[in-house]
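Could you put the whole structure together from the sequences, leaning on the hints where they help?
Chains as they are written, first to last, in our numbering: chain G, 1 to 113; chain Y, 1 to 113.
If you are wondering where the hints come from, they were derived from the structure by calculation, not from laboratory data. Glycine included, every Cβ here is placed at the ideal spot set by N, Cα and C. There may be inaccurate statements among the hints.
In silico DSSO-like pairs for lysine-lysine, Cα to Cα no more than 27 Å straight-line [as the list claims (entries may be wrong)]: (1) Y:LYS17 x Y:LYS71; (2) G:LYS44 x Y:LYS17; (3) Y:LYS71 x G:LYS44; (4) Y:LYS3 x G:LYS62; (5) Y:LYS63 x Y:LYS100; (6) G:LYS78 x Y:LYS100; (7) G:LYS44 x Y:LYS3; (8) Y:LYS100 x G:LYS71; (9) G:LYS44 x Y:LYS57; (10) G:LYS62 x G:LYS11; (11) Y:LYS100 x G:LYS62; (12) G:LYS44 x Y:LYS100.
Quick look at which bits of chain Y chain G covers, simulated, 3 or more residues with Cβ under 8 Å [as the list claims (entries may be wrong)]: (13) 39-53; (14) 103-109.
The primary structure of each chain is shown beneath.
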Amino acid sequence: EAGVAQSPRYKIIEKRQSVAFWCNPISGHATLYWYQQILGQGPKLLIQFQNNGVVDDSQLPKDRFSAERLKGVDSTLKIQPAKLEDSAVYLCASSSSALREQFFGPGTRLTVL
Amino acid sequence: SQKIEQNSEALNIQEGKTATLTCNYTNYSPAYLQWYRQDPGRGPVFLLLIRENEKEKRKERLKVTFDTTLKQSLFHITASQPADSATYLCALDRGTGFQKLVFGTGTRLLVSP
Numbered sequence: 001e002a003g004v005a006q007s008p009r010y011k012i013i014e015k016r017q018s019v020a021f022w023c024n025p026i027s028g029h030a031t032l033y034w035y036q037q038i039l040g041q042g043p044k045l046l047i048q049f050q051n052n053g054v055v056d057d058s059q060l061p062k063d064r065f066s067a068e069r070l071k072g073v074d075s076t077l078k079i080q081p082a083k084l085e086d087s088a089v090y091l092c093a094s095s096s097s098a099l100r101e102q103f104f105g106p107g108t109r110l111t112v113l
Numbered sequence: 001s002q003k004i005e006q007n008s009e010a011l012n013i014q015e016g017k018t019a020t021l022t023c024n025y026t027n028y029s030p031a032y033l034q035w036y037r038q039d040p041g042r043g044p045v046f047l048l049l050i051r052e053n054e055k056e057k058r059k060e061r062l063k064v065t066f067d068t069t070l071k072q073s074l075f076h077i078t079a080s081q082p083a084d085s086a087t088y089l090c091a092l093d094r095g096t097g098f099q100k101l102v103f104g105t106g107t108r109l110l111v112s113p
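What follows is the structure, given as structure tokens:
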């Protein structure tokens, strides 16, 4: 079974630029999550999708972050414009309704200069 | 506000010994508690889930306890090996509605030969 795929693995941008991350979850997983993990901290949930609908985006900085999951499969997370404090690893995870465990992708390490 | 605490300092132990990691929480009533392993440059990997009505759960060399009165979970690795060196994250799940995990900051475990 293929795992959660993410791209790119690394991205370096200057502040005020925009960036987009892509995630392809495990086939058949209805729930998709985007997390932000700052160095030395645990993952923090940014947004959660159930199929193609948003069920939780309470911690998403909506003035600069946006995410979509068209057709209920893969998803993109965008930051525009980026700030220095956005430097972090962005993790995508997916889960099925049958199990409570989440499966994580390798993450995208973003550096904002 | 809810708070999840894990030892921020790394835990250093010798190969063959039992490693014990702690997860304490406040202002939260999780129905489930999960433990994940995270290696550098990778996403977290699910290890174990324990329910609020379970006192203990085992899987091979791993053991998790869950005390809802003390608001604490202990994670044990018996007969530790250098390959067990990683960061271990605990995550709380309220269990109602759509699954939402809140992660601790993680504890880094170093097992020396």
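Now the hints, each set against the structure:
At most 27 Å may separate the alpha-carbon atoms for a hinted pair to count; LYS17 (chain Y) and LYS71 (chain Y) meet this at roughly 26 Å. For a cut-off of 27 Å, the pair hint linking LYS44 (chain G) to LYS17 (chain Y) is broken: about 32 Å separates their Cα positions. Restraint check for LYS71 (chain Y) and LYS44 (chain G): satisfied, since their Cα atoms lie roughly 21 Å apart, inside the 27 Å limit. Proposed proximity of LYS3 (chain Y) and LYS62 (chain G) is supported: the alpha carbons are some 24 Å apart, at most 27 Å.
The straight-line distance between the Cα atoms of LYS63 (chain Y) and LYS100 (chain Y) is roughly 23 Å, inside the 27 Å bound, and the hint therefore holds. Restraint check for LYS78 (chain G) and LYS100 (chain Y): the C-alpha separation of about 22 Å stays at or below 27 Å, so the hint holds. This hinted pair checks out: LYS44 (chain G) and LYS3 (chain Y) have alpha carbons roughly 13 Å apart, not beyond 27 Å. Distance hint between LYS100 (chain Y) and LYS71 (chain G) is fulfilled; the C-alpha atoms sit about 22 Å from each other, no more than 27 Å.
Using a Cα cut-off of 27 Å, the hinted pair LYS44 (chain G) and LYS57 (chain Y) holds, with the two alpha carbons roughly 26 Å apart. Between the alpha carbons of LYS62 (chain G) and LYS11 (chain G) the distance comes to roughly 21 Å, so the proposed pair stays at or under 27 Å and holds. Proposed proximity of LYS100 (chain Y) and LYS62 (chain G) is supported: the alpha carbons are some 19 Å apart, at most 27 Å. As the CA atoms of LYS44 (chain G) and LYS100 (chain Y) are separated by approximately 10 Å, the hinted pair is consistent with the 27 Å bound.
Note: the segment 39-53 of chain Y has 7 residues with beta-carbon separation from chain G under 8 Å; the three-residue rule is met and the coverage holds. Chain G is given as covering the segment 103-109 of chain Y, and this holds because 4 residues of the stretch bring a CB closer than 8 Å to a CB of that chain, at least three being needed.
Going through the hint list in order, the structure does not satisfy hint 2, though it satisfies all others.
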